[in-house]
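Let the sequences and hints guide you as you build the complete structure.
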Amino acid sequence: MAEVKLSKVSKATGVLCPVFDIDLKAADKEFLTLLAPSGSGKSTILRLIAGLEVPDEGEIYIGDELVNDLTPAERDIAMVFQTYALYPHLTVYRNLSSPLEAKNTPKDEIDSRVKEVAEILGITPLLEKYPTQLSGGEMQRVAIGRAIIRRPRVYLLDEPLTNLDAKLRVHMRAELKRLQKELGQTMIYATHDELEALSMSDKIAVIHGGRIVQYGTPMDVFQHPKNLFVATFVGTPSMNLFDCSLVEKEGHTYLEGEAFSIDVSDLASLIRSRLSNSELILGIRPNDFEVHREKPPGDHMEGEVYVVEPMGASAIVDVKIGSVLAKVKVPGSYSLDIGSRVWLAFSRDKMHIFDKNTREAIL
Amino acid sequence: MDRKTKSKIVKGVKYFLIAIVTAVWFFPVYWLIATSLKTRLEMFAIPPKWVFNPVLDNFIDVFWERRYGLTPGPTEFPKFLFNSFFISLCSIGLVILIGTLAAYSFSRFELRGKDTWLFFILSTRMLPPIAVVIPIYLMYQRLGLLNNYIGLIALYIMFNMAFAVWMMKGFFDEIPRELDEAAMVDGYSRMGAFRKAVLPQALTGIAATAVFCLIMAWNEFLFAYILSGFDTRTVPVALARIRGESGINWGTITATEVIYIAPVIIFTFFLQKYLLRGITFGTVKGR
Numbered sequence: 007m008a009e010v011k012l013s014k015v016s017k018a019t020g021v022l023c024p025v026f027d028i029d030l031k032a033a034d035k036e037f038l039t040l041l042a043p044s045g046s047g048k049s050t051i052l053r054l055i056a057g058l059e060v061p062d063e064g065e066i067y068i069g070d071e072l073v074n075d076l077t078p079a080e081r082d083i084a085m086v087f088q089t090y091a092l093y094p095h096l097t098v099y100r101n102l103s104s105p106l107e108a109k110n111t112p113k114d115e116i117d118s119r120v121k122e123v124a125e126i127l128g129i130t131p132l133l134e135k136y137p138t139q140l141s142g143g144e145m146q147r148v149a150i151g152r153a154i155i156r157r158p159r160v161y162l163l164d165e166p167l168t169n170l171d172a173k174l175r176v177h178m179r180a181e182l183k184r185l186q187k188e189l190g191q192t193m194i195y196a197t198h199d200e201l202e203a204l205s206m207s208d209k210i211a212v213i214h215g216g217r218i219v220q221y222g223t224p225m226d227v228f229q230h231p232k233n234l235f236v237a238t239f240v241g242t243p244s245m246n247l248f249d250c251s252l253v254e255k256e257g258h259t260y261l262e263g264e265a266f267s268i269d270v271s272d273l274a275s276l277i278r279s280r281l282s283n284s285e286l287i288l289g290i291r292p293n294d295f296e297v298h299r300e301k302p303p304g305d306h307m308e309g310e311v312y313v314v315e316p317m318g319a320s321a322i323v324d325v326k327i328g329s330v331l332a333k334v335k336v337p338g339s340y341s342l343d344i345g346s347r348v349w350l351a352f353s354r355d356k357m358h359i360f361d362k363n364t365r366e367a368i369l
Numbered sequence: 054m055d056r057k058t059k060s061k062i063v064k065g066v067k068y069f070l071i072a073i074v075t076a077v078w079f080f081p082v083y084w085l086i087a088t089s090l091k092t093r094l095e096m097f098a099i100p101p102k103w104v105f106n107p108v109l110d111n112f113i114d115v116f117w118e119r120r121y122g123l124t125p126g127p128t129e130f131p132k133f134l135f136n137s138f139f140i141s142l143c144s145i146g147l148v149i150l151i152g153t154l155a156a157y158s159f160s161r162f163e164l165r166g167k168d169t170w171l172f173f174i175l176s177t178r179m180l181p182p183i184a185v186v187i188p189i190y191l192m193y194q195r196l197g198l199l200n201n202y203i204g205l206i207a208l209y210i211m212f213n214m215a216f217a218v219w220m221m222k223g224f225f226d227e228i229p230r231e232l233d234e235a236a237m238v239d240g241y242s243r244m245g246a247f248r249k250a251v252l253p254q255a256l257t258g259i260a261a262t263a264v265f266c267l268i269m270a271w272n273e274f275l276f277a278y279i280l281s282g283f284d285t286r287t288v289p290v291a292l293a294r295i296r297g298e299s300g301i302n303w304g305t306i307t308a309t310e311v312i313y314i315a316p317v318i319i320f321t322f323f324l325q326k327y328l329l330r331g332i333t334f335g336t337v338k339g340r
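Keeping their order, the protein sequence lines are chains A and B. To convert, take the position in the first sequence, counting from 1, and add 6; that gives the working numbering. To convert, take the position in the second sequence, counting from 1, and add 53; that gives the working numbering.
Just so you know, these hints were derived from the structure itself, not from any lab.
Label-pair ranges, simulated between beta-carbon atoms: (1) B:Ala315 x A:Asp171: 52 to 58 Å; (2) B:Leu150 x A:Glu181: 44 to 50 Å; (3) A:Pro43 x B:Val63: 50 to 56 Å; (4) A:Glu181 x B:Arg248: 29 to 35 Å; (5) A:Ser118 x B:Arg248: 22 to 28 Å; (6) A:Lys113 x B:Arg165: 43 to 49 Å; (7) B:Val63 x A:Tyr136: 37 to 43 Å; (8) B:Ala315 x A:Lys109: 48 to 54 Å; (9) A:Tyr136 x B:Arg248: 16 to 22 Å; (10) A:Tyr136 x B:Arg165: 35 to 41 Å; (11) B:Leu150 x A:Lys113: 29 to 35 Å; (12) A:Asn169 x B:Arg165: 34 to 40 Å.
Going by beta-carbon spacing under 8 Å, a handful of chain A positions derived as facing chain B: (13) Gly20; (14) Phe87; (15) Thr89; (16) Ala91.
Note that beta-carbon positions come from the ideal geometry of N, C-alpha and C, so glycine has one too.
Here is the structure:
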């Protein structure tokens, strides 16, 4: 049992990005991702769990044990740093063996464990090399190896893929996820890359300004963003936003924007009950639009093709709707002329409505 | 003139200038060594004798008393040489031990008033030493530290500490904190992490610091002159006293000086790689 629980944890002193009132739980064997832009305090949270920082307030539990007063060594955790932090003066072998040496493990056991881990990570040929002789991907494997060799209760990973090139990153993403399932251990992973978060995690905690703004499954976070920050931060290209207001006309209620008007009479009472005033923001994800050359039935917006960005399998079409440039994801085979008139249709359940004032989601 | 010849000429001029500067710089050293190997007559020859038959008489004089009217036998010089070594090595040993820990702490921990402390340490170097000679003499007199190894060693520790802490803090700052942290997460204590992850990387920097401190302690004259007695006399003080006895015995003086500067030159020669790093520290990253 190695669930990790933070209860009302704050850390605002010191040089790190501050965090406030963090309530967080990573269940046993769970892959929890802390998703946040740089400088939001995700590293601070990892360091608090690792014991490299002391919280100002709050309690941290690993398993059922309160670990606030334990040193990093006593917490039985492993951490992978963004810079890998390999010991430059030691060979890969000695880098891997150092956590075991710290615990005075017998020599032959160290040897067999090092070889086993090297095998798992495919770094056996590198054992006698020094870290400076390794490529980024190899260093990263060694860093992960050093973490898993001790079989700790919890793994903490601080942006481990950030320093890798794009291809390797995608490859390691899958490997890490697979590894976590094989190890069957709790893993807490900090990243600013929403793709990593969505693709790897069981749970995501989105952090903004040192606070957790949303916690849930990747699907939940993607489909039901709690506020404008999460809505625009998660998803690439990010969600299209349109200013609009709630208008009554002849017994119907409309969402009226600069260049569209959508009948939302059926939702009117629901929206109204959660609204602080009538200023709203309508959000629709790029892949929830359907492009039509003729005016379609149902909900839609009308616009003009501004530019098309082909990306092989798909393409991004920028459509000018009023003064807003909306991004629409279409299949790569799609061809559209710049300046042509298009209609963007969308279904009712793909609409996200936010209160412009509070920036919280209404729908 | 094409560019190739031009750059050759520029290069030639550069080397010529370097050669001149080097010659000016090293001429005294040459003169010192040459004189120590000459006989008394050759030393004073005008014009100077550039070609001569080197003799070791002066060096023998340093170690063996054979002047007319004095009892033949070993001189006191080996004792002074030992004093110099003993005082220098003890003081830098302690400076490095205490300074390394202090520098590491200053580099890694959030201390209350850290900048003030660092400035305070530096400020010990701001007074010209001669300004504190008298007070220190009086203090040492009361404490019974005159003509005492501990007195001189303590003083040299004080002199070198500021330099050592500041210089080594620079080296520790260059070593990423993640290394200590990784080691602590791996299961080491703070001291364990320091030994395992940080110290091996700081060794070149520590060596450079040690050399600089050694040179300072080895060369120090003023305090050694005032505070030491016969038992604790160091080589520079002994040197100064040779001149005072029955005429100036240039042969013994130069021979003593050659022996005196030899350890520093040898040391510097073998550690020049680290010294260069020490001088340029903070400007050159990596190893």
